[in-house]
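Please model the entire structure based on the sequences and the hints provided.
2 protein chains.
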Amino acid sequence: MSKLLVVGTVAFDAIETPFGKTDKILGGAATYISLSAAQFGVKPGIVSVVGGDFPKEYLKKLNEKNINTEGIEIVEDGKTFFWKGKYHNDLNTRDTLITDLNVLADFNPVVPKEFMDAEFLMLGNLHPAVQMSVINQLAKRPKLIVLDTMNFWMDNALDLLMEVIAKIDVITINDEEARQLSGEYSLVKAAHKIHKMGPKYVVIKKGEHGALLFNNGNVFFAPALPLEEVFDPTGAGDTFAGGFIGHMARTGDISFENMKRAVICGSNLASFSVEKFGTERMESLTNDEIQKRLLQFKLLTQFEIELN
Amino acid sequence: MSKLLVVGTVAFDAIETPFGKTDKILGGAATYISLSAAQFGVKPGIVSVVGGDFPKEYLKKLNEKNINTEGIEIVEDGKTFFWKGKYHNDLNTRDTLITDLNVLADFNPVVPKEFMDAEFLMLGNLHPAVQMSVINQLAKRPKLIVLDTMNFWMDNALDLLMEVIAKIDVITINDEEARQLSGEYSLVKAAHKIHKMGPKYVVIKKGEHGALLFNNGNVFFAPALPLEEVFDPTGAGDTFAGGFIGHMARTGDISFENMKRAVICGSNLASFSVEKFGTERMESLTNDEIQKRLLQFKLLTQFEIELN
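Each protein sequence line maps, in turn, to chains B and U. My numbering applies: residue 15 is where the first sequence begins, and numbers increase by one. My numbering applies: residue 15 is where the second sequence begins, and numbers increase by one.
No wet-lab data here; the hints were simulated from the structure.
Remember, identical chains collapse to one label, so a pair may be satisfied in a single copy or spanning two.
With a Cα cut of at most 30 Å, we get these calculated BS3-like pairs of lysine-lysine:
1) 220 with 17
2) 210 with 312
3) 210 with 306
4) 57 with 181
5) 98 with 70
6) 220 with 100
7) 35 with 207
8) 70 with 35
9) 79 with 100
10) 290 with 57
11) 312 with 220
12) 220 with 306
13) 290 with 220
14) 210 with 290
15) 74 with 93
Structure (structure tokens):
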């Protein structure tokens, strides 16, 4: 079991889908990533920031899942990052209604001593300056650094983002972001260009259409599990990233063969996350359920064919 | 090797993509299906109609690929069905500029004697009345009937289409059409409803996102091969169907396990079809190339993971 450090937002989300709506509930990239990674028996440590309004019971909930919250700074007179979004009927698109950065606006991340020698580092989606600061604080270069980011940073902090991208091993972005970052429509060409920016491994997330893993000439595809109903897609991408890094940290094996398993694990965990609002499904999820669904992924994709 | 009968259009296509444009070239659903199925060593017979303007060399070209064109009626004083379309920059959407039904408007299909006992029947996309007529002409119910159709017939001949759907074993339609036919957004639910209309097997084609094969509770996914460049998507769906039925007819095995291989074969053949304009790539395609790409499909999808 390797040490896993997760950087990202810990937040309040308010979500509206065609199936209902929530008040402020627990959310944030680091939350979803850690809940997902923790399913693999690793004990992730989070680096993040919240306000004095953040319920202690949420931290306790994370601790009970073996997530170390020592690196979550609490700004007592500040307010927690808040996101409010509304999904369209197809659940594939959404409008952001509110983004209150609050304490995130002046966040200076501090890596706890215990995680200075983390072997696996997951940089969840937030300002590339924060991501870079964490990379620079670590005593030793981790075995594997995975970066998640989004179009917002390409639009608003591209130079800094490119510096971070040059330093990491695996980038996970969605298809539209891969196209924006590379200027290529073909995802094969996009991955090729992104390789040249630094990352040896490029994971392109296509939502309900699965995810592609590229490694200079090699390509592997993990489908999304076809579901009767998607209830709430919030956090699915982060849960995918958490399943990916969770499997990697559990096994400690950073080969391409093992990364194939990691994207399947990511897709597996994400398929649960969307079944209920927010983090609800991830909180009740058991290893037995994960194993059963892994078998479904095998049935979904594995075939025997003779070459002649 | 089983006898395969293919019903569908044999046509002139004029295609415009961001990479160039063609004059009237050989096209049509039955053409693409048969060229694809013929790669599997079966000798498909086509039932279709063309006008006196249809070049004899096109028929000869099909014959050279072991395709029986005896069932292609030639209306000497008529004109061949003509379709002209223009693809948008993303190559995922297109505008139909011209659809001249011509001889197709009064087409009464006649199944050649040699194919009255066909064990495999592929009903390519055309008027459901023509599809029904062919089903009714056959001396014996084929071992497997596969139907391809499109939203146009759902809009304009739904009752008749539903009668055909009730009689067939496998339906292949794209995701939007599956949603229209079932009234369900979720493809899992859509497939479930379509099962109830008759077909035991439902294949939902998602273009560059692959295809799903449903069989009451079982589901299998065949990805599309990620390509550097898609040159011309015309006929990709028909080529997929041809690879599917070609594999089925070659093996004669209509089990779900073998159908998994058939959708992989369909996806494999379709990945070639889009590499050049019209039928060009299918005409030069060799078995060696097909086998090599089949290996790519294995590398793309196969993984080893231990359940614990």
